[in-house]
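S.K.: Residues per chain are reported as follows:
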Amino acid sequence: MSPEQIKDLRQLLYRLADDQLIIGHRNSEWTGLGPVLEEDIAFSSIAQDKVGHAHALYQLLNQELAEPEPDTIAFMRDEMDFFCCHFVEMPIGEYDFSLIRHWLFDLAEQIRFDAYAESQWLPLAKVARKIKGEIKYHVFHAETWVKTLAEGTEESKARMQSALNEVLPMAFGLFECKENNALLAEAGLITAESALQSQWESRVKACLTAWGLQWPSQVDASRYLGGRQGYHTSQLQPLLNEMTEVYRLDPSAEW
Amino acid sequence: MKLNSLDPRVNRMELSDENPYKDQVLHNMEHWETYEVFHQKKRGTQHLHCGIVHAPNADMALLFAKEQFARRGETSNLWVVKTEHVMAVDYGDADIFETTPEKVYRDPSGYKVMDRINEFKKKQNA
Chain A
1 MSPEQIKDLR QLLYRLADDQ LIIGHRNSEW TGLGPVLEED IAFSSIAQDK
51 VGHAHALYQL LNQELAEPEP DTIAFMRDEM DFFCCHFVEM PIGEYDFSLI
101 RHWLFDLAEQ IRFDAYAESQ WLPLAKVARK IKGEIKYHVF HAETWVKTLA
151 EGTEESKARM QSALNEVLPM AFGLFECKEN NALLAEAGLI TAESALQSQW
201 ESRVKACLTA WGLQWPSQVD ASRYLGGRQG YHTSQLQPLL NEMTEVYRLD
251 PSAEW
Chain B
1 MKLNSLDPRV NRMELSDENP YKDQVLHNME HWETYEVFHQ KKRGTQHLHC
51 GIVHAPNADM ALLFAKEQFA RRGETSNLWV VKTEHVMAVD YGDADIFETT
101 PEKVYRDPSG YKVMDRINEF KKKQNA
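Quick mapping for you: the protein sequence lines, in order, are chains A and B.
For what it's worth, the numbering used here labels the leading residue of the first sequence as 1, then goes sequentially.
For what it's worth, the numbering used here labels the leading residue of the second sequence as 1, then goes sequentially.
Any given hint could turn out to be false.
[Said to hold, decoys possible] Simulated DEER-style distance windows between Cβ atoms:
1) A:Ser-202 x B:Ile-96: 55 to 63 Å
2) B:Tyr-21 x A:Ala-182: 53 to 61 Å
3) A:Ala-182 x B:Glu-18: 52 to 60 Å
4) B:Gly-44 x A:Ser-252: 48 to 56 Å
5) A:Ala-158 x B:Asp-90: 43 to 51 Å
The hints are simulated quantities; they were obtained by calculation from the structure and are not laboratory data.
Glycine included, each C-beta is placed from N, C-alpha and C at the ideal position.
Can you build the whole structure from these sequences, using the hints too?
M.R.: And the structure:
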């Protein structure tokens with residue numbers, strides 16, 4: 001690989017891993033507060049899986065691209081050195097917000113890693129193949145919930161629609177920074193970001209039609225961009241403070 | 001008064017310490033139904049009953065069964081069956097089983113056939 005490609009690959013992995021870590025941490029905030037016991041356990045397990053996906057990607061950075069240890073990357077960086085999108089930083093809100101975010105995020109993740117499973121860069125392809133089954137369950141979980149509520153009562157349907165109107169513009173942050181990945185895509189190392197986005201949009205639209213929900217008439221994603229350059233919402237720093245509090249007491253401690 | 005909890009997430013919600021649901025009565029059918037869960041470890045072996053989940057429908061019951069009963073160790077398959085679809089013997093009729101422990105002649109340990117089976121196998125292989 002050329003130095004340019006390595007630089008782009010490093011950036012890409014940071015973005016993907018940071019998305020996983022932050023949404024994993026966010027969704028774990030539901031632990032103990034979920035709507036029913038069974039769902040509390042399921043949603044918490046999914047959040048835990050996301051942190052596991054982040055770990056696998058940080059390990060790639062460490063082993064293949066000479067970045068620091070996963071724990072150091074996860075817990076010792078400053079806010080501006082995180083490259084997650086604003087979408088994953090937002091507070092959990094009410095359960096409708098969290099469910100719609102979970103669905104939009106996981107669908108995008110599934111499309112992305114299904115494509116990466118065929119990557120010419122084998123270490124990435126290996127990780128993608130390993131987490132494929134977990135993501136499939138996550139999407140199954142998300143779709144079952146959103147479909148059940150969209151087809152449920154007037155109230156549940158209205159809440160799904162209004163959460164979707166609020167969350168959808170944020171979700172486009174997932175595909176920010178298309179130009180940085182162009183070189184990698186040309187070399188066959190990854191699938192182009194624009195191709196992933198259009199697949200994701202058509203899957204989302206097909207589901208919405210099937211469940212009787214509407215794609216919002218106005219989707220202004222521009223307010224939610226910048227995360228990939230290290231510009232974050234005011235929500236991220238408090239999350240990092242809480243997440244890193246124990247680790248930073250003694251970074252050399254053995255766990 | 002605001003609810004004061006050891007959990008910072010609960011404090012962030014700024015809840016009142018008065019229970020907002022204290023006058024609410026749950027009627028029948030406002031609870032989710034239960035589904036019996038059957039777990040299969042290896043393909044081709046039996047599905048064994050392992051517990052119950054609450055769920056509003058069968059799809060959701062499978063979702064929950066996966067995380068309740070297949071979250072660790074090996075799994076090849078899961079079944080869920082609505083509890084109300086299980087036909088069971090009435091415990092009041094348990095006397096139908098009363099004398100079976102005495103029927104030791106039905107216990108397969110009573111048959112001494114391993115020698116003959118091994119002899120048969122040897123012949124088959126020869």
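S.K.: Sort out which numbered hints this structure fails and list those numbers smallest first.
M.R.: none
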